[in-house]
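Keeping the supplied structure of chain S fixed, place chains X, R and V upon it in accordance with the hints.
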Amino acid sequence: MAVRVQSEDFDISRESALLTAGRTDIGAVVTFTGLVRGVSDGTNLSAMTLEHYPGMTEAELSRVEAEAHARWPLQASLIIHRVGTLAPGANVVLVIAASAHRHAAFEAADFLMDYLKTRAPFWKKETSADGHGSWVDARESDGKAAARWGAD
Amino acid sequence: MAVRVQSEDFDISRESALLTAGRTDIGAVVTFTGLVRGVSDGTNLSAMTLEHYPGMTEAELSRVEAEAHARWPLQASLIIHRVGTLAPGANVVLVIAASAHRHAAFEAADFLMDYLKTRAPFWKKETSADGHGSWVDARESDGKAAARWGAD
Amino acid sequence: MTVRLLYFAWVREKLGRTEEVVTLPATVATVADLMAWLAARSDNDQEVFSRVGVIRAAIDQTHAQPSQAIVGAREIAFFPPVTGG
Amino acid sequence: MTVRLLYFAWVREKLGRTEEVVTLPATVATVADLMAWLAARSDNDQEVFSRVGVIRAAIDQTHAQPSQAIVGAREIAFFPPVTGG
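Chains as they are written, first to last, in this note's numbering: chain S, 1 to 152; chain X, 153 to 304; chain R, 305 to 389; chain V, 390 to 474.
Here's a subset of chain X near chain V, in silico, CB distances under 8 Å, partners left out:
id: 1; residue: 186
id: 2; residue: 205
id: 3; residue: 245
id: 4; residue: 270
id: 5; residue: 272
id: 6; residue: 274
id: 7; residue: 290
It should be emphasised that the hints constitute simulated quantities derived from the structure, not laboratory data. Each residue gets a CB set at the ideal place from its N, CA and C atoms; glycine is no exception.
If we strip away everything but chain S, and leave its shape as in the complex, we get (with noise of 0.2 Å):
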């Protein structure tokens, strides 16, 4: 278990090494990397800019890692969420579920994304190509998604 906020890239094939690294016990590696899309609502954008609160940050993402591991039976999990302003096709964030079996580690992530986007404290600010900035809503949708799996 392991959470990191950064502004650096992150690399996917050394973060899931280290987790699986001297273990046989790991069957199944379930890795979510969401990055910057170009078009947000029809608009180009030419930046993405995320603001976080740090110190809550990390507790609420070791929190969201927490109750994972208290639904599935993880053999190992990290969050890595980047900060700072980032270009479109950037990497934002990577979740990492591993398990002995494959549900588990796919629930897992699902869920980790699902409560990281309604409970971490990131915001992100859109620039657009003509050099607007706003603030994104939140989405419906996420919290919908949240609740999908159930009281906690």
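Below, chains X, R and V alone, put in the same frame as chain S:
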């Protein structure tokens, strides 16, 4: 869309980067990696050998992949399956699904694995620590997992 | 009671500050009380803190409901719904 | 009709061969007919091909049901349920 059957290992980051390179329409990449576990039903394993049906394997994996693209709006996908003799801890299979949105990527990767497991002509033979070889039985749970997705 | 307030995203931008330290009267007992007290300070504060259904709060780095008591809090943050991931 | 038969995994091991070419009588019309015809050849074939609910078949590299016609097939494979992934 691509499928590969190979004895060599694979690199998740490299394969993921090849799918997303130069694109800004992908917001979500889900990867599934299956690994050889060191213990199977209480028996310590020294190796896992994967046999396949050359020609049909590639054809069937391509059909499974096409089915995923028909069901979800995927920007890209990849299936790599290793064959030959692998040690505990080694990578066996890599599935990647890339989409604009995360739920399509999660569901498609999950679907690809379920269908691959019940359709692609691979057979696993376990070699126990004492040198005894035994073919792995198909799991009823894999059939049920594939049936979750309904008729195709 | 003296407490540090932190602001993020467009709450921070609209208020024009990142944080401040305020001393509260004893009548301010909950997050909702605090928002009402802050809203009464200026038109700018009113514009932000009257949006009770929108603005979220955290007490000492844990999400807090409007009805939650703020007694003993060292740090209270206000921000829009989160949009990470 | 002449067709190439391929065997995999424990089917291959039990039969002791990887493939063979057989010439079939006209009465062998379906996958199930073919399995019955093969099972009648020897005790070893009987042991494998009588397991109708277990052994799977593919015609020209596509999964085939027992009732499926084999007319025109170039290559028919028999194997246990798949266990990849």
